[in-house]
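Undergrad: The residues making up each chain are set out below.
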Amino acid sequence: MDSSNEARVQIRLVARQPKYAVPDTSILVPQQLQRYGLSEIVNHLLGNEKPVPFDFMTDGQFLRGTISTYLKEKSLSAENILTLEYIESMLPPTEIASYSHDDWISSVSAASADRFVVGSYDGVVRVWNAQSECEDELRAHESAVKCVVAVKDPARRSRVELISGSQDRTAVAWGTKGGQRKALYAARGHTDSIESVAINPSNTHFVTASADSTIRFWSMAVPKQSEDSQLEESAVSAPAAKKRKNVNADIMTKAAIGTLNGHVGPVTSVCFNADQESQIFSGGWDHSVRTWDVASGVNVMTNLCDKVILDIDYSAHSRLIATGHADRSVRLWDPRSDDSTVVKMRLSSHKGFVSSVAWAPNSAYMLASASHDSTIKVWDIRSRTPLYTVYAASDKDKGKKLLGLDWHKSLLLAGGESGSLRIHSVNSQYSDDQEQTSA
Amino acid sequence: MVGQNKGKKRGASSHEAPAEKAPLFPKSKGIDVPSDPEYSSDDDEEVEEGDFDEMLKEMANDQGIDSDDANDYIAGDSLDEEEEEEGDDESDIHSSDIEGASSEDGDDESEDGEDPEESDNEEDSSLERVASRSTDGQHTAVDSQNEAEGSGEEELDEVNMDKLTIRDFVGDIQGWKEYRKTLPQIDAGYASDSSTEDPANTIGNVPIEWYEDYPHIGYDIDGKRILKPATADELDKFLANMDDPDVFRTARDEVNQQDVKLSEEEIDIIRRIQGGNIPDADYNPYEETVEWFTSKTMQMPLSGAPLAKRGFIPSKWEHKRVMKIVRAIRQGRITRSGAPSQDTKPRFYDVWEKAEENDDDNTHQKRMARRARMPAPRLALPSHDESYHPPAEYLPSEAERQSWLDEDPDHRKKNYLPQDFGSLRSVPGYERFVQERFQRCLDLYLAPRMLKRTTQLNAEELMPKLPDPRDLRPFPSVESLVYLGHTGRVRSISVDPTGLWLLSGSDDGTVRLWEIVSGRCAKIWDLKETVHMVAWCPSADVCVFAAAAGSRTVIVIPSELCDEHKRLLSEELVRAGFNSAAQAEEGEEEDDSLPVSWDMPTSAEQATGIHVSVTMHKTVKSVMWHRRGDYLATLTAEEGGSSVLIHQVSKHKSQRPFRKLKGAVQSIMFHPTKPWFLVATQRYVRIYNLMQQALIKTLQPGVKWISSIDVHPQGDNVIVGSYDKKLSWFDLDLSVKPYRSIRYHRQAIRQVQYSRKFPLFATTSDDGTIQVYHGMVYQDLNQNPLIVPLKILRGHEIRNSLGVLDCVFHPIQPWLISSGADGTIRLWT
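Protein chains in written order, with full-length UniProt numbering: chain A, 1 to 439; chain B, 1 to 829.
FYI, nobody ran anything at the bench for these hints, they're computed from the structure. No residue lacks a Cβ here, since even glycine has one placed at the ideal position from N, Cα and C. Treat each hint with caution, since some may be false.
To be verified - With a cut-off of at most 20 Å between alpha-carbon atoms, the simulated SDA-like pairs for lysine to any residue come out as follows:
(1) K398/A x L484/B
(2) K74/A x R8/A
(3) K523/B x E142/A
(4) K351/A x L484/B
To be verified - Here are a few chain B residues that sit away from chain A, every Cβ distance over 12 Å (derived from the structure):
(5) R252
(6) Q402
(7) S551
Given only the sequences and the hints, what does the whole structure look like? Please build it.
TA: So, in structure tokens, the structure goes:
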């Protein structure tokens, strides 16, 4: 190939991470270079013996494809010097373990790097450790568990380790009592399936979202005695109550502190604002993302799109809400901006419902989404195309819907129709970002 | 003789006088003939004889005649002396000719008459004489003054008219000669004499253009500039012209820088001059001659003297003079200066000049069309191969050259062969140049061109204007979920009122409950027999569904889905009937003819939530809930009235609304807003009012076999699907005939379904497709429903020539759920 014919462009390389800084000079490179070639150049400049993969950014967007296509897209002149920022690129997530379940997994949550909670459609909440041992099978729900959430830092003032919500309209808080995990109390009050549970950052309260189009706000504290608000009702339904499985009946009942009414359809997801403990975000079938002040029970803001919201997550770092939609896309919302341009970005690459989204716990840019198309996609919101698409590794998982997703530190957990809890290790630059933001 | 001559002269002048201005000739004092009326004008001015001589000279000068020459005529006796001095002005044709004539002869014309030799000569050239006579015409009377005879020939000739100038100068001069002797002197201070006027400018007789660019015109006596009078600009001039009625007779005198208003007489003179006529209005060129001297012998002759010889011999002198002129004319030295000048510009023949007049159908429109001339097509620009030195690839190969040469010249694509001359210097003349120019000119000149106006009809324009489907979002367009599990045809599906749960009934004998959003099968009821129909109770208070399996209809409470409160209500609704039925049995006997039994299911079934079982004699094909959720209509596979039954769930009662029904009932339906009941037989849809027990109307879709019906949630529109692929939309207010019939499916339509929330409807067919339409019903009764086909959803497989069997719209979302013969249920979002 005749190299003299190649179009060239001057670039200037700027390191985001100080340890990878190169001399600030412009160099002439062929326009046909892609990420890999540029990465090689940087490695050469750094004199790395073991090449470090880098990602390159221009104007806050990742460089995808060749430089020339980027220039063409932006209709930039090749005469000017192109400034490329680079960061150590994230390695593709690798599946490190897969824990098999008999029934569909509806929700996953990691309590710590070696303890994972899985809610399943058979009504059992299972606690796994990193040694692929099922520590506990927690049975209290009469029907499918729709959501589980583990208390991330159990040391803080609470005996509750995890909370699970179920189609039997109860949310059960589980904790260690007398050496073994037991149901501490059952939060009763919803009239329809509980779709989502969220615990506030200081582990004092939790909220539940239900298909009965309400959100209820509960205290985490274990009640001294059963706060059965439906006592009279249950007396009426005495014959029915008798039919209940006894496992559930003797659990103490907890009543909600408040009920947030406003959604006009099933509420599918709820999450806390990590910056502001009294604020929660919720999304549902009525296509709205609502911001609530739980202390006053007021719907602060309502943002509408026209697609069903299946999951919602808030990042304290980017201060953005990510929502998974039935129209196969992930939308990013800025809850602070005025209502006109709330949808900041729409990420579409999935081929099925986006059933679950999770922000990277320590990054302002990284985001993962799980979809019915059995893939997990890792996004950097500086690029509209996903960083990585994690396909199902085993044949058993292929073509099976993913329903639950959690990102804990460097672990990405997902589970779904196939019944296997897929644990992926994510090596990313987020820790460096963290350094940078703290610095 | 003299007196006679004078009298003759006056007589002649009395006739010729009108050629000059009558007032110019004042009444004569001395030689006046008072009897002559034409001289009775009251002009008292006297003209002295001597003065007149001078004046005549001047005027002759003006006429371009040498004053010496004029003297010849004025004073005949002094001619001899002056003749030697002539010949200086050769440029003047007239004078030189005349002079030449006289010098040739060396004689006066008066002597001619006496000279016998001359007269002999005259006789020799009699032919010429005739010619001279004929050219003379009207001036014979004047001639007679000189020759005293030969005044007989005065015939008019066209030649005379043509040769105005010749005649004029001859006539004028001779006239003047006459006036000199007869008329008094003219006052020199006459107004027409410009020499007496004090001219405003002093520039003299120079071209006025010289002063065009200057603000002044000439200089006064002190050497100062005489400024031009201020002139108005064009606009002012125009406005002034518009106001001035005399504008047409106003002329600009550039020399004096003033406007001169012409009098009527002056305008008349201009007109006459322009028309090529004699300027004087009173002059009659065709006056009758008075034959003073005739060939006839008068009884009382004017003169007693015998006729002089010259009286009857043609004048040789005159003849010579005339011949001079004739020769000059022949040689082209004399031209007709008065004749209209030839247009020197080349004139082209305009083919279409007269086309408009000649056209028979000379309508305005056609004329306008003809006037819109089309520009001729441009010549193509020369291309590379027309270059004198074309690139090598344009040069023809030998084979191409040969084929070009072999071709008929008329059929050649181009009429030249590219040639390489190497340099421009060696390019020869182009031999076809003239020919090609000529062809081009022919093309430009003769080629008829016309605009062809054809009406462009696009097929798209003829299509009805429908909104773009993209503007009619949302509607289901992509397959999102597949609910797998059934092993047989899924005949019927139903979505619960909250929109979270889906029921499906299948040929494999099971009813399955699905979580819509995840596709999870939550529960399975095995009813052992083919499930033809499942239907959720539409009431929001209860959580109940009915399933038709075989000849049995079961009413089920899926207790997992509802909370205590709802479950109690549902159980109350479903089970309360057992008590009332028991009471009824005690009280009065049921109508045994009804083929229905309400049973308590087995305890095993009860544990799964089946609370009531209604058994009929025949296979139950369809179950339909009333919108209140208490009544249930069933359709069994039998002919006659008992095929349709309406059951009251809360009382466990059944009734037969129709004693007789014609034909096999295909589908039944409760009206969503009114107490009406729709029964679709093979050909017709009948609408009954259940309260009044009356038939309201019969819809005639014009199809052979109805498969399904649905009523719009607002209640005024009905869609009917048929096995003969046709979909009919009825507007109940409009007609019993379909408002619109649509045939887009390639196979039988199995199900038609309205969306309860969105303006959508869908049809499913055995061709494996679902077609989604926008079906907007307007509140405005004047506006017809808008039906727009939106989307064809493909995905279901065709099994045993059965495609999509049922479809149902999601109650909240713009989603469609369909079930097919392939055992799958699909969610379209």
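Undergrad: Checking against the hints above, which ones are violated?
TA: none
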